[in-house]
Amino acid sequence: METLLALVTGAMVAISVYLLLQRDLVRKIIGVVILSNGIHLLIFAVGRMTRAASPLIPSGEKYPPEVVANPLSQALILTAIVIGFGLLAFSLVLIYRLHESYQSADADVLIEATLGDE
Amino acid sequence: MSAHLLLILPLIIPFVAAVAALLFARWPTVQKGINIASMGGILAASLGLLSRITEQGIQVTTIGDWPVPFGIVFVVDHLSVVMLIVSAIIGVAVAVYAVPDVDDARVRFGFYPFFNLLMIGINGAFLTGDLFNLYVWFEVMLISSFVLIVLGNTDEQLAGAVKYVVINLVSSLLFLSGVGLVYGMTGTLNMAELSLALSEVGQPGLVTVVAMLFLISFGIKAALFPLFFWLPASYHTPPASVSAFFAGLLTKVGVYALFRVFTLLFTQDVGYTHTLLLWGAGLTMVTGVLGAAVQNDFRRVLSFHIVSQIGYMIMGLALYTPLAILGGVFYIVHHIIVKANLFLVSGVAKRLRGSFRLKSLQGLYAYHPWLATLFIIPAFSLAGFPPLSGFWAKLILTIAGIETGAYWIVAVAVAVGLFTMFSMTKIWVKAFLPGGGGEMADAVSSMGLGTRVMYVPIAGLAALTIMISVFAGPVYDLAERSADELYNSSEYVEAVLNHEESAADAGPRPGVDGRPGRVHAR
Numbered sequence: 001m002e003t004l005l006a007l008v009t010g011a012m013v014a015i016s017v018y019l020l021l022q023r024d025l026v027r028k029i030i031g032v033v034i035l036s037n038g039i040h041l042l043i044f045a046v047g048r049m050t051r052a053a054s055p056l057i058p059s060g061e062k063y064p065p066e067v068v069a070n071p072l073s074q075a076l077i078l079t080a081i082v083i084g085f086g087l088l089a090f091s092l093v094l095i096y097r098l099h100e101s102y103q104s105a106d107a108d109v110l111i112e113a114t115l116g117d118e
Numbered sequence: 001m002s003a004h005l006l007l008i009l010p011l012i013i014p015f016v017a018a019v020a021a022l023l024f025a026r027w028p029t030v031q032k033g034i035n036i037a038s039m040g041g042i043l044a045a046s047l048g049l050l051s052r053i054t055e056q057g058i059q060v061t062t063i064g065d066w067p068v069p070f071g072i073v074f075v076v077d078h079l080s081v082v083m084l085i086v087s088a089i090i091g092v093a094v095a096v097y098a099v100p101d102v103d104d105a106r107v108r109f110g111f112y113p114f115f116n117l118l119m120i121g122i123n124g125a126f127l128t129g130d131l132f133n134l135y136v137w138f139e140v141m142l143i144s145s146f147v148l149i150v151l152g153n154t155d156e157q158l159a160g161a162v163k164y165v166v167i168n169l170v171s172s173l174l175f176l177s178g179v180g181l182v183y184g185m186t187g188t189l190n191m192a193e194l195s196l197a198l199s200e201v202g203q204p205g206l207v208t209v210v211a212m213l214f215l216i217s218f219g220i221k222a223a224l225f226p227l228f229f230w231l232p233a234s235y236h237t238p239p240a241s242v243s244a245f246f247a248g249l250l251t252k253v254g255v256y257a258l259f260r261v262f263t264l265l266f267t268q269d270v271g272y273t274h275t276l277l278l279w280g281a282g283l284t285m286v287t288g289v290l291g292a293a294v295q296n297d298f299r300r301v302l303s304f305h306i307v308s309q310i311g312y313m314i315m316g317l318a319l320y321t322p323l324a325i326l327g328g329v330f331y332i333v334h335h336i337i338v339k340a341n342l343f344l345v346s347g348v349a350k351r352l353r354g355s356f357r358l359k360s361l362q363g364l365y366a367y368h369p370w371l372a373t374l375f376i377i378p379a380f381s382l383a384g385f386p387p388l389s390g391f392w393a394k395l396i397l398t399i400a401g402i403e404t405g406a407y408w409i410v411a412v413a414v415a416v417g418l419f420t421m422f423s424m425t426k427i428w429v430k431a432f433l434p435g436g437g438g439e440m441a442d443a444v445s446s447m448g449l450g451t452r453v454m455y456v457p458i459a460g461l462a463a464l465t466i467m468i469s470v471f472a473g474p475v476y477d478l479a480e481r482s483a484d485e486l487y488n489s490s491e492y493v494e495a496v497l498n499h500e501e502s503a504a505d506a507g508p509r510p511g512v513d514g515r516p517g518r519v520h521a522r
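Protein chains in written order, with my numbering: chain A, 1 to 118; chain B, 1 to 522.
Treat the hints with care, since some could be wrong.
[To be verified] Listed next, with one range per pair, are the computed distances between beta-carbon atoms:
1) LEU206/B - GLU61/A: 32 to 40 Å
2) ARG23/A - GLY271/B: 34 to 42 Å
3) THR50/A - LEU395/B: 53 to 61 Å
4) PRO204/B - GLU61/A: 45 to 53 Å
5) VAL67/A - LEU395/B: 38 to 46 Å
6) GLU61/A - GLY205/B: 39 to 47 Å
7) GLU61/A - LEU22/B: 24 to 32 Å
Think of the hints as simulated: they come from the structure by calculation, not from any bench.
Here the structure is a predicted model, which means the values were calculated and not measured.
Ideal Cβ positions, reconstructed from N, Cα and C, are used throughout, including at glycine.
Could you put the whole structure together from the sequences, leaning on the hints where they help?
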């Protein structure tokens, strides 16, 4: 299972690198999204995947009675998803505003527009 | 006051201030007052922390009282406290400067709440002792800085911001994958525990690979060669208060993270990682200073110099001797104060003459000799003119370089110092001395009250620069203590792992199956 996840992660990172190298800003952002999801899968995989009980500790006990799935990597991913979502929302609005100002979401157009000031 | 409360005060104060500023969204004057009070409060709390750790050594607190290797810890050692104090000083200076500088439209759209949120992110990054938590603070810092850099909504700001946003998103994701891999190898995210665990990982090659992920990620944030292009493309766009704050602090949080990670965690293969850092440092210095030479905009010149100066700090880290690290820490302190001040000066120049272009500024000296004087102090200090603070910082690094026999980096550092001098002279000649043109007379602008207020933080920071220059002793001692703690990381590790609450529940625990293998032995 870990091997499969590793391959999926690798494929997602490869796709995202391709998208990040595009001139179009929307594609770049999609690349960032895919990269972040790939990395979430990576964290999931390095946390070791087990088919086991939920990580619940009965009241009065200090440790779970049996082997449980790793809750920490899930907590890390959850945090990262929330953060990534906020950043994605911001980036989309930013690109929308850029498109309004420059009538383009092409990185080259932006670079030329900023060089024009000098 | 209990140590635990004191440790989290630098986070609580700006948090409360951010909420309060939101409540007073329609009263800009009240917000300005809240902001100054908040920054002053952080400074006071940081100074309190300094006196606490000089008496009692490294301070540790566990958040939510979870025992040490499980919960999030906040740790304050000398490096953290020095960074906290310096950033609070810049916070106070920029808070005063922003009163006339930031217009009401920006204030209405939340300048002050986000300014405080940014401060939370910065302070959190300095305080935390947990790797994933460091990632979270970086994101807090990042999202606030995104908002501040676009606030005002001018086309130029948006175009600058998009570069800043995209590259920083990628950098954070690299950091996150590094965190994930470290967790996979060791099963812990507590930095003190990691410091021990990483040296026990059977495959040193893998650790070095992960170290490279961190190097690239923090290298982007610190604007290290060849990852610095976003910085000069974006830092000159927002108002002077924002760019001064960013220039002084944000890249330095990246430098702080590099210092922390490459002294505490990744010291297994110093010959490889730190040699790479040294090359990075040398190239950063050279490219930054050469980039500055062709620029004709006040803030663009200064932006390239940030890049160049980052090289000196990383040089201190890369040489990896106690003296070199000391020099690096001293350089960070000196640089933050001086660089923020130069950006503040550029903002006043813009206000007086309506432009950041060096050409349209010419002749400032004739009408505003005080501004010229206040420019000269940080500018000469930046270039390393004796006896100003930059000279001491460069001197320590030079001696450290010669001691380790890394002569080429010393030669580069000295040559770059000369070029920095050239750049600062260029600004002086073009912006401050009269040019040949006859358009001088119409440009005599009267100084409003607002501009006079802006002089206060500039003069304050210049006075501080002179203080550090003349009485370099206390700063040197602090930097020396920081360097000792960084170089002998066992002190940090012991302080965290032997934290009293952790002792209560330190018995061996049955393996949670997900937790990769290691059971912590104490």
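Verification of the hints:
{"no.": "1", "hint": "LEU206/B - GLU61/A: 32 to 40 Å", "in the structure": "holds, 36 Å"}
{"no.": "2", "hint": "ARG23/A - GLY271/B: 34 to 42 Å", "in the structure": "holds, 40 Å"}
{"no.": "3", "hint": "THR50/A - LEU395/B: 53 to 61 Å", "in the structure": "holds, 57 Å"}
{"no.": "4", "hint": "PRO204/B - GLU61/A: 45 to 53 Å", "in the structure": "violated, 39 Å"}
{"no.": "5", "hint": "VAL67/A - LEU395/B: 38 to 46 Å", "in the structure": "violated, 59 Å"}
{"no.": "6", "hint": "GLU61/A - GLY205/B: 39 to 47 Å", "in the structure": "holds, 41 Å"}
{"no.": "7", "hint": "GLU61/A - LEU22/B: 24 to 32 Å", "in the structure": "violated, 43 Å"}
Violated hints, listed in ascending order, are 4, 5, 7; each of the other numbered hints is respected by the structure.
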